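Asker: Listed here are the chains, written in short residue letters.
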Amino acid sequence: MGIEGVGARVARKEDKRFITGAGRYVDDMVVPGMKHAAFVRSPHAHAQIKNIDVTKAQSMPGVIGVLTGKELKADGIGNLICGWMIHSKDGSPMKMGAWSPLAFDRVRYVGDAVVVVVAETKGQARDAAEAVDISYEELKAVVDAPKALERSAPQIHPEADGNLIFDWELGDSAATNAAIKAAAHITRMKIVNNRLVPNAMEPRAALGHYDKAEDHYTCWTTSQNPHLARLVMSAFYNVAPENKLRVIAPDVGGGFGSKIYIYPEEIICLWASKKTGVPVKWVADRTESFLTDAHGRDHVSTVEMAFDKDNRITGLKVDTIANLGAYMSLFSSCVPTYLYATLLSGQYDIPAIHANVRAVYTNTAPVDAYRGAGRPEATYLLERTMETAARELGVSPAELRRKNFITSFPHQTPVIMNYDAGDYAASLDAAMAAADYAGFAQRKADAANRGKLRGIGMSCYIEACGLAPSAAVGSLGAGVGLWESAEVRVNAAGTIEVLTGSHSHGQGHETTFAQLVNQRFGVPIDSVSIVHGDTDKVQMGMGTYGSRSGAVGMSAVVKALDKVEAKAKKIAAHLLEADEGDIVIENGALKVAGTDKQVPWFQMALAAYTAHNLPGGMEPGLKETSFYDPSNFTFPAGCYVCEVEIDPETGVTEVVQFVAADDFGNIINPMIVEGQVHGGVAQGIGQALLEGTRYDASGQLLTASYMDYTMPRADDLPSFKVSTSNTPCPGNPLGIKGCGEAGAIGSPPAVINAITDAIGITDIAMPASPSTVWAAIRATKH
Amino acid sequence: MSEISLTVNGKRVSGTAEDRTLLVHFLRENLGLTGTHVGCDTSQCGACVIHVDGKAVKSCTMLAVQASGSSVVTIEGLADGADLHPMQAAFKEHHGLQCGFCTPGMIMTATDMVNRHPEGLDEATVRAELEGNICRCTGYHNIVKAILAASETMSSKGKARQAA
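Heads up: the protein sequence lines correspond to chains Y and V, in order.
Under my numbering, the letters of the first sequence match residues 1146 to 1927, in that order.
Under my numbering, the letters of the second sequence match residues 22 to 185, in that order.
Careful: at least some of the hints might be erroneous.
Claimed, not checked - DSSO-like mimics (lysine-lysine), calculated; alpha carbons at most 30 Å apart, straight line:
hint : chain 1 : residue 1 : chain 2 : residue 2
1    : Y       : Lys-1234  : Y       : Lys-1292
2    : Y       : Lys-1420  : Y       : Lys-1454
3    : Y       : Lys-1866  : V       : Lys-166
4    : Y       : Lys-1597  : V       : Lys-113
5    : Y       : Lys-1335  : Y       : Lys-1218
6    : Y       : Lys-1267  : Y       : Lys-1292
7    : Y       : Lys-1589  : V       : Lys-166
8    : Y       : Lys-1357  : Y       : Lys-1285
9    : Y       : Lys-1161  : V       : Lys-166
10   : Y       : Lys-1454  : Y       : Lys-1357
11   : V       : Lys-113   : Y       : Lys-1161
12   : Y       : Lys-1682  : V       : Lys-113
13   : Y       : Lys-1161  : V       : Lys-76
14   : V       : Lys-178   : Y       : Lys-1161
What the hints assert, rightly or not - Cβ-to-Cβ under 8 Å is the rule here; a few derived chain V residues that face chain Y:
hint : residue
15   : Ser-35
16   : Gly-36
17   : Glu-39
18   : Asp-40
19   : Leu-52
20   : Gly-56
21   : Gly-121
22   : Phe-122
23   : Thr-159
24   : His-162
Please keep in mind that the hints were generated in silico from the structure rather than gathered at the bench.
Remember, it's a predicted structure, so these values are computed and weren't measured experimentally.
C-beta: ideal position from N, C-alpha, C; glycine also.
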């Protein structure tokens, strides 16, 4: 490992622009003639639009255009779609209701876009938006998923009878029922996974620019996957053909899943630019983000876990209702199915599993992938159930887990996944040692002397990352392949550009991808540039989500580097009059092994481009491309231990210690990996303690600002103790598994297990806010 | 509309803005200083923190006209030429940023924090003082580390200056 190579703790190249205020986010973009858009949104959760009167708004100062859904339809702009087909257990396809980018007949959640106003200034656009007069006939709304399935619930989409989108199952029902029937012990729980708002700090934004002379569109947008945005906007929304649409995702201020999807606003900014003849920019305010960014989680489940007399799990039966909100967002259908039920085996050898999942429409914001996406829901369900089972069986939670761990690999679970490598006992042992698990009883006693309730909880998670083998996901209903592409361009003077379809919005790709090049060729990372986020520069790509940039995106880079290396060695061998097989690359030079003959890297590159003296038949230049399609998912896993202290007088919970022991396989940059874990754990603690998304019964979002929705702040969190162990992933050339989501997946059950341990109760709702905890403590005294 | 003139990052600037224009929008849109960010509508997130007459201020809580006559420092004016401010350097060294969106506000808050605590900082104080700045990426772990480290550097530099 060199100081800038794979495994080195290299400070980030991209930091300089961010720490000096020179980052370039969408809202920082200014295009000549650019004007501003504001949306008129539904104030009702469910209503029929009776009339839209824009005459007053059109005459307001600075107004350039006021556009409605009828005009959008007349121009042939398509409805938004969900790109992953799920079939119900009766074989019928999922029931997808129509989602027009601008609603024209009915609105289905508070925030549904109805009219767009384009004006000279942002303020004028907003003033005019307030002058649009829309009359609605209010309809009954439903926000709670189980209630949406009741007979009395309002019908939200004509396509989905009884608001049921699909009724899907995975696993062997008969075998699972038999295991439960024969069980020595059954642990039963109802598990609620609370709805979250992703809250990337940069609000969503779009800038659409139509060039009349070229009949060409450019869209700057806050996207995790600009190529996917271009593909979907071309193929499904009929905005423009792909060759007439450029999508640029510049610096993007966090995503966490919420910026994967193509939302109405970017489509409308492009369309409105053509309609009005001016470039149109829209930037969400924070309340718009709360109302309209795709939310996460929102599952209600029941679970039965069966044990034999030796405390081995013999079966797991799960029934889940997933709230998908008012419309099916781009990947919403795969989250509570193939990203959820396929992980229900956890780290455990469970012979029989059956999951039934019903996805439901409600009058709430659409729900889609949020950091972890399905895997946090699976982990929370399993790890809360394991903890409860240990308490019911009177055994140590650690030992119950250890007894049921999968210990030999590869391991085929009953729910599709084939785990390739892992050592779950290693992370359990590491976490328990780091947490001084053995010393807990004394710390609890000390806390009791101070009048505090102290509790400890653990969670052993597994997730599937590196999304994903294209043929596999295709067979499961995905509308796209999940490979990644890379291009490595060696310039004539030896500097290098790596073009990748992955997109960095905080992950540090400009550094870690350059480390791969340094490792291979010995060139300093300052002479390596990583190019991403622009469909005109990068050939094609599938973007960043599901912790895939390392396992899939970097693997594509490795494959392209292989090709560059092979050609570079051929050129060097020719220049040095040596055998190609004898050439080695060391410290930025190509050498004949065992001799002092060498050619510097830059000289070899120059030779490739002058082409004065190349091997016979070789094409000039040094630029190679690769498309890498993974052969399997990757399976990061780990153990988290949380320790809390609760003040019984106030219900305030303090996380006094949080330990994370993860196995991410090989690591490119430990500093960045640790940062990913810190951030993920903070989001998980946020879910467990602070973040509650509340709609009232009429469908009004009560938590639509930072005054109402509790984001984790610095003083809500401790410093974290993180460590890693390593079973390299056998499925990709770098042996890496992915680290982006683990923290958010593993932490919520650890926190809730600690709180229930401290209070001596079975369950408590997330977020376990002070009032909830206080009430739970009070209830134990009656 | 109002005439506004103030000093920003050491330079006299002036412009015209609507009375309702917030200082953050004046900086971003009239002056093109886009390093100061808008992350919320309710003065909670702190992405827009700047220094006004030497004090950390959320620039979304001030009208541009209120800043007339003031001396403002934004993230763009913190470094000394090519030399990063010790707080900027510490954020880079300790990986105190990921997506970078909250970072300018964090750094401006943090430099003010160090200035107000000449006695030095501890972790609990740093965490409490970050109450007004939200980060969604880092879990604050490395931000706290960076601020504590910069606090050391800044005070030793101060002492070195005093000794000289």
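Asker: Each of the hints needs a verdict: does it hold here or not?
Answerer: Results for each hint:
| no. | hint | verdict |
| --- | --- | --- |
| 1 | Y:Lys-1234 with Y:Lys-1292 | holds (22 Å) |
| 2 | Y:Lys-1420 with Y:Lys-1454 | violated (71 Å) |
| 3 | Y:Lys-1866 with V:Lys-166 | holds (13 Å) |
| 4 | Y:Lys-1597 with V:Lys-113 | violated (39 Å) |
| 5 | Y:Lys-1335 with Y:Lys-1218 | violated (44 Å) |
| 6 | Y:Lys-1267 with Y:Lys-1292 | violated (40 Å) |
| 7 | Y:Lys-1589 with V:Lys-166 | holds (29 Å) |
| 8 | Y:Lys-1357 with Y:Lys-1285 | violated (45 Å) |
| 9 | Y:Lys-1161 with V:Lys-166 | holds (18 Å) |
| 10 | Y:Lys-1454 with Y:Lys-1357 | violated (75 Å) |
| 11 | V:Lys-113 with Y:Lys-1161 | holds (8 Å) |
| 12 | Y:Lys-1682 with V:Lys-113 | holds (28 Å) |
| 13 | Y:Lys-1161 with V:Lys-76 | holds (24 Å) |
| 14 | V:Lys-178 with Y:Lys-1161 | holds (22 Å) |
| 15 | Ser-35 | violated (19 Å) |
| 16 | Gly-36 | violated (14 Å) |
| 17 | Glu-39 | holds (7 Å) |
| 18 | Asp-40 | violated (11 Å) |
| 19 | Leu-52 | violated (12 Å) |
| 20 | Gly-56 | holds (2 Å) |
| 21 | Gly-121 | holds (3 Å) |
| 22 | Phe-122 | holds (3 Å) |
| 23 | Thr-159 | holds (5 Å) |
| 24 | His-162 | holds (4 Å) |
Hint compliance for this structure: hints 2, 4, 5, 6, 8, 10, 15, 16, 18 and 19 are broken, all remaining hints hold.
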